[in-house]
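With the hints as constraints, model all of the structure from the sequences given.
Going letter by letter, the sequence shown gives residues 1 to 299 in full-length UniProt numbering.
Fair warning: there could be bad hints in the mix.
Below are the DSSO-like pairs computed for lysine-lysine, each with C-alpha atoms no more than 30 Å apart in a straight line [what the hints assert, rightly or not]:
| # | residue 1 | residue 2 |
| --- | --- | --- |
| 1 | 271 | 37 |
| 2 | 282 | 262 |
| 3 | 37 | 262 |
| 4 | 37 | 282 |
| 5 | 271 | 282 |
Calculated directly from the structure, the hints in this document are not laboratory data.
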Amino acid sequence: MESSQSPLTVIADVANELGETPLWDHRHDTLWWSDIKRSQLFRLHRADAGLSRWNLPRPASAIACIAGGDHLIMACPGALMRFDPDSGTAAVIAPFEDDIPTNRPNDGKCDPEGRFWVGSMDDAEQCASGALYRIGADLAIEAVVGGLEIPNTLAWSPDRRTFYCADSPTRTIWAYDYTPADGAIANKRPFVTVDIDGAVPDGSAIDEDGYLWNAQWGGWRVVRYAPDGAIDRIVDMPVACPTSCAFGGPDMTTLFITSARKGQSPAALAKQPHAGAVFALKTDVRGTRQTPFRIAAGA
1 MESSQSPLTV IADVANELGE TPLWDHRHDT LWWSDIKRSQ LFRLHRADAG LSRWNLPRPA
61 SAIACIAGGD HLIMACPGAL MRFDPDSGTA AVIAPFEDDI PTNRPNDGKC DPEGRFWVGS
121 MDDAEQCASG ALYRIGADLA IEAVVGGLEI PNTLAWSPDR RTFYCADSPT RTIWAYDYTP
181 ADGAIANKRP FVTVDIDGAV PDGSAIDEDG YLWNAQWGGW RVVRYAPDGA IDRIVDMPVA
241 CPTSCAFGGP DMTTLFITSA RKGQSPAALA KQPHAGAVFA LKTDVRGTRQ TPFRIAAGA
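So this is what it looks like as structure tokens:
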């Protein structure tokens, strides 16, 4: 196991309350992410470090590129929305748990076949009213797993045989058998359990070797796990609450890491001046590219 003070770079010192859902857009050499609690969406251009920021009509908890254009799909409270960066507008394209007003979406990603997966949670974090949904090209929404508290870590192995998902309060990342043709999952089993006090698994990314990089809320670290669940590497972070990570850059070897200030006292934040920033870590491995959402024509 390797543990070191890695060469992290602060690329956007934006003091996000709850920075989340980092997404590398290879079409435009840009990084997207959101601040859920402030209903803001961010885009950073790698070449010139130009930063754009939009105030959204609803907070976006999960985002993905839409194939065949420049738009994003966003999972928001009560709705799936399509965001147009040219006009800066967001339009509702489908309802999403609009019958559970106390819930909001949480983590979300596209599977390798271009279906959009989104987890939901009780916004007050008081009950297990959340679920994991699979959204097809026709925007049909299918519940896959229920009874979740805070779903996180949606990731697929490079061979498309394993799906990973965490329910953060359980401190466990689960593995499932995954069927690419229809997106079915089965054979739930524990992959890893976070074993340090105060830390829970948050968002993750997968590299080409099938290793899972997990941001650990409250743990001051990002951990790289081998396919057998063994800890391979620990990246020490200068912030208590890294929230998620995504590979990107021209060669897909940079790990982008979001973070949060949420729920921390002024005294705690004083010890971490970059809390809520976005970080970049140059690695020696290549990440897998995030598949865009393959929406049907006219949807």
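* To do: Hints the structure violates: just list their numbers, smallest first.
  => Going through the list in order, the structure violates no hint and respects every one.
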